[in-house]
Amino acid sequence: MSLRAKTAVYGLLCVLALPFLFPTWWMVTSSVKPLSEVFAFPPTLFPSSVSFQAYRDVFTLQPFAQQYFNSMYIALAVTVGTLAVSSLAGYAFARIRFPGANVLFLVILTGLLIPSEVTIVPLFQMFHSWGMIDTHWPLILVPILGAPSVLATFIMRQFFLALPGELEEAARMDGLGRFAIFSRIALPLARPALGAVAIFTFLHSWNLYLEPIVFLSTAEKFTLPQALTQFVDAYGGPMWNVQLSAASLTAIPVLVIFVIAQRQFIEGLAHTGLKG
Amino acid sequence: MTKKPFWTGRRRDHLAGYLFVAPQLLGSIVFVFVPLGLVFWYSLHEWNVLADTFDFVGAQNYQALADDPKLPGVLAATGLFSVGLVALNLSLALLLAVLLNQRLRGTIFFRTVFFSPVVVSLVAWTIVWGFLLQDNGGINGMLGAIGVDGPNWLRGETTAMVSVVVVQVVKNVGLNMVLFLAALQGVPANLYEAAKVDGAGRWRQFRTITVPLISPTILLTMIITVVGSLQIFAQIAVLTQGGPGTSTTVLVYYLYQQAFQFHHFGYGATLSVLLFAIVLVLTVVQWQLRKKWVFHES
Amino acid sequence: MKIRATALALAGLLALTACGGKTEEPAAAGPVSLRMTVWTSNEAHLKLFNEIAAAYRAEHPNVTEIKFDPIPFESYTTTLTTQIAGGNGPDLAWVLENAAPDFVSSGALVPLDGYDTSDLVPAATKLWQKDGKLVAYPFSTSPFGVFVNNDLLKAAGQPTAAELIAQGKWTWDNVIAAATAVNTKSGKAGLVVRDFDYKGWDNLSTVWAGWGAEAWSADGKTCGFNKPAMVEAMTFLHRAIFTGKALPGPGTTADFFAGDAGMTITQISRASLLKDGKFGWDLVPLPSGPKGNYAVIGQAGLGALKKGRNAKAAAEFLTYFTNAANSAKLAAYFPPPRKSQLNAETLAKTNPLLKPDQLQKVVVDGISTGVVKPSHSGQAEIAQAVRAALDPLWKADANVTAVLDGVCSSINPLLAK
Chain R
9 MSLRAKTAVY GLLCVLALPF LFPTWWMVTS SVKPLSEVFA FPPTLFPSSV SFQAYRDVFT
69 LQPFAQQYFN SMYIALAVTV GTLAVSSLAG YAFARIRFPG ANVLFLVILT GLLIPSEVTI
129 VPLFQMFHSW GMIDTHWPLI LVPILGAPSV LATFIMRQFF LALPGELEEA ARMDGLGRFA
189 IFSRIALPLA RPALGAVAIF TFLHSWNLYL EPIVFLSTAE KFTLPQALTQ FVDAYGGPMW
249 NVQLSAASLT AIPVLVIFVI AQRQFIEGLA HTGLKG
Chain C
241 MTKKPFWTGR RRDHLAGYLF VAPQLLGSIV FVFVPLGLVF WYSLHEWNVL ADTFDFVGAQ
301 NYQALADDPK LPGVLAATGL FSVGLVALNL SLALLLAVLL NQRLRGTIFF RTVFFSPVVV
361 SLVAWTIVWG FLLQDNGGIN GMLGAIGVDG PNWLRGETTA MVSVVVVQVV KNVGLNMVLF
421 LAALQGVPAN LYEAAKVDGA GRWRQFRTIT VPLISPTILL TMIITVVGSL QIFAQIAVLT
481 QGGPGTSTTV LVYYLYQQAF QFHHFGYGAT LSVLLFAIVL VLTVVQWQLR KKWVFHES
Chain D
11 MKIRATALAL AGLLALTACG GKTEEPAAAG PVSLRMTVWT SNEAHLKLFN EIAAAYRAEH
71 PNVTEIKFDP IPFESYTTTL TTQIAGGNGP DLAWVLENAA PDFVSSGALV PLDGYDTSDL
131 VPAATKLWQK DGKLVAYPFS TSPFGVFVNN DLLKAAGQPT AAELIAQGKW TWDNVIAAAT
191 AVNTKSGKAG LVVRDFDYKG WDNLSTVWAG WGAEAWSADG KTCGFNKPAM VEAMTFLHRA
251 IFTGKALPGP GTTADFFAGD AGMTITQISR ASLLKDGKFG WDLVPLPSGP KGNYAVIGQA
311 GLGALKKGRN AKAAAEFLTY FTNAANSAKL AAYFPPPRKS QLNAETLAKT NPLLKPDQLQ
371 KVVVDGISTG VVKPSHSGQA EIAQAVRAAL DPLWKADANV TAVLDGVCSS INPLLAK
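Chains as they are written, first to last, in our numbering: chain R, 9 to 284; chain C, 241 to 538; chain D, 11 to 427.
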């Protein structure tokens with residue numbers, strides 16, 4: 009690429025990066041600013057003085073470590089469960105011809121587009137009648153089995169559609185059953201798609217906001233996005249620097265994982281995956 | 241003539257198919273369709289939660305829906321928002337992916353930058369954008385530096401809609417960018433070489449090679465983005481509260497207002513049914529269209 | 011087969027859940043556990059609540075548990091309503107002022123029969139009565155006052171608020187003149203009506219009450235937005251914003267407590283934000299308008315829900331939680347509605363940042379004479395309609411009378427409901 013083209017690409021990238029970078033930068037730097045400076049106008053790019061008191065407050069004001077653990081284990085459970093459910097269903101819809109497959113797929117697909125505000129009240133009634141209010145079950149079961157996992161099934165189906173059929177035929181000749189073909193042949197090849205589904209699912213669960221607020225009512229059971237709203241001063245006003253510290257603490261680890269995993273994730277997907 | 245065994249290979253395969261999709265299907269029934277059934281049931285009632293009344297009113301809520309003077313505006317805003325969001329999100333995601341697909345140093349840094357808003361808490365995100373979009377905020381500050389007198393973003397009907405779309409796109413475009421990147425890296429380089437030999441310019445290469453080859457990904461990202469556009473709620477609640485006037489009151493926000501703020505649960509449920517009907521039509525249409533333009537979908 | 015089984019399962023679930031909210035059986039006498047939803051998750055608050063609850067349980071052994079559930083302020087009423095709709099409502103709940111008419115008039119709250127109201131300030135309980143009976147206790151009654159940044163006023167060559175008050179010139183005309191001077195001189199905001207932000211219009215009642223204007227008549231049936239007093243007040247405000255630049259325009263916010271504004275109108279509880287304030291400040295009553303002196307208060311109530319499993323026990327606990335002794339403790343954070351505790355000495359103990367004189371003039375006098383912010387049954391829907399109809403007013407060339415007529419025609423059908 010010519011030098012001029014390179015400069016142009018870099019220039020374009022830098023300009024485009026601004027709106028992405030600034031809010032994140034603001035969130036992280038504001039968390040160490042004095043409270044009075046957080047909303048100073050114009051916003052300060054660098055804190056006038058740095059204090060990590062807010063980070064200490066995060067852990068003393070709320071059972072934040074416990075809440076961190078809750079979010080983590082719920083997101084992991086949802087991810088594992090979704091991978092299992094959606095790879096099975098996605099495989100079947102892509103590779104097995106059975107009567108009604110297309111209709112069933114379309115029926116399931118409609119669930120993909122239902123916003124959670126629509127079903128939250130009936131879901132609350134159902135979980136209440138099962139005695140599961142103020143437990144983590146609704147936050148685990150609904151994403152794995154309900155509307156959010158439909159997207160995962162869709163991605164898996166698209167992936168399996170693109171898989172060459174010869175390998176399966178060979179395995180069939182060797183007398184392998186459907187489940188064996190799925191688990192020994194198809195699934196190992198599907199690692200990149202599973203990676204994509206895992207990232208989507210984990211982030212979705214990690215950022216879930218409406219459901220925890222409606223279903224959970226004990227601080228020890230809260231998840232992170234819900235915990236963020238609980239840092240308030242004596243009059244219900246948000247303690248911004250503490251909230252932003254907590255927000256930074258929830259964002260940065262995920263970002264680090266992304267930096268580490270992104271190359272493998274993107275290239276893995278590219279070589280075998282959703283190219284169609 | 242020998243009797244065929246009942247469990248032929250085909251029958252076995254059918255059973256396997258049903259068993260494989262069973263968890264997803266049962267889950268959808270319990271956690272999607274039963275709740276939807278209940279929502280439909282509510283929509284036939286006048287339900288005041290506080291007064292604890294739940295009275296059957298038949299189609300009365302549907303009559304109210306037909307007579308609702310606000311509804312046409314809400315539907316127009318919803319359509320405008322979704323179309324704007326999908327168009328901007330997909331084209332920006334594709335542009336970023338193409339730029340980052342060049343063999344350049346520092347792409348990992350930029351990938352991370354463009355992905356980072358995805359993991360930032362929505363609360364922090366909308367607050368900082370609320371600040372940036374003020375009349376004397378950061379955006380207009382930057383525009384002023386290059387001699388442009390920026391509008392009062394969140395107070396004008398058109399600019400408020402544009403702002404909400406842009407804030408949402410910047411938050412989530414990273415996900416689509418990553419998917420496009422993966423798809424682009426899977427396009428064989430020799431196709432481009434061949435096109436170059438034929439004298440095709442960059443734009444023509446993009447149109448005739450790249451787009452068809454990544455069309456399955458375009459379909460996927462499109463569906464994801466349409467889903468996202470229908471779920472937008474916190475951003476509107478924080479940034480515009482559906483205003484100015486009712487210019488950014490999209491259907492989900494309107495149904496949230498009716499059900500949770502105004503306590504018209506029955507009418508809220510009726511709006512949910514309407515939303516579901518729209519979604520159903522959209523899904524079927526998208527699904528039919530895919531055969532037309534998605535390259536080698538079986 | 012498959013279809014029939016599915017239909018059966020669906021019907022079963024429907025039967026199981028559709029009436030989930032209605033089949034709640036009242037628990038027999040015996041162990042009682044209570045749950046109260048609140049929107050604070052402040053540690054000090056919860057500690058105080060738990061202490062009061064522990065003392066109550068010591069006296070009432072049948073009450074085995076009293077739990078305080080913090081719900082985020084932004085989604086408080088939504089979450090509360092969802093819980094009630096799902097059949098899992100709390101036994102007691104804090105109620106926001108703007109949700110008060112709905113909760114009170116719907117009969118969702120248990121009447122507090124026998125509550126000794128002799129000590130309560132009448133102005134404070136008005137909003138919380140149904141058919142003359144108290145149904146919720148206004149545990150927080152917080153008057154609006156004007157916080158003044160003396161440094162900014164002096165720098166603009168203006169007299170301080172205290173000087174104006176001493177001369178008897180603390181009027182809206184002078185306040186706006188001072189605010190304009192601050193803006194011209196420093197470029198900072200003159201006067202900020204906090205939480206208004208061109209959306210939360212009910213906070214403007216702190217302005218128009220000075221003109222004797224009201225959003226609607228006392229019986230809630232007649233729209234007040236196009237009455238002469240309101241037109242006059244809004245015209246004054248519009249001129250102050252767009253001609254005098256005394257208030258930051260739409261889409262511009264300025265934080266008084268960060269030192270970005272000369273004056274702000276807000277509730278006195280915000281004084282805590284001045285803990286590490288870096289400027290000289292004062293707290294004074296609202297300025298007088300054409301109709302003389304006035305005060306406005308904001309409130310929050312505590313009620314026991316009828317639908318709760320232990321409504322009677324909940325009401326008893328409410329009575330205890332808010333009795334004179336506990337009210338004095340709660341006064342550390344929430345200005346009480348009790349005459350006996352509304353004096354500068356009691357309040358000074360718990361509001362160290364405020365001087366006795368400030369407490370007397372703003373808090374004590376404010377609560378006894380104040381009017382509450384506008385509220386009406388179906389408030390959320392009306393508020394939304396007013397917000398949308400008022401939007402055209404916030405332009406420099408707006409026709410005030412026409413916009414206000416528009417507000418009335420937009421909310422009249424709702425007021426009539």
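Everything labelled a hint here was simulated from the structure, so no lab data went into it.
Small disclaimer: the values here were computed from a predicted structure and weren't measured.
One or more hints might be untrue.
In silico BS3-like links for lysine-lysine, alpha-carbon gap of 27 Å or less [as the list claims (entries may be wrong)]: (1) D:Lys57 with C:Lys310; (2) D:Lys231 with C:Lys310; (3) D:Lys427 with C:Lys310; (4) D:Lys405 with C:Lys310; (5) R:Lys229 with D:Lys288; (6) R:Lys229 with D:Lys209; (7) R:Lys14 with C:Lys436.
Taking the earlier hints as the rules, which of them does this structure contradict?
1, 5 and 6
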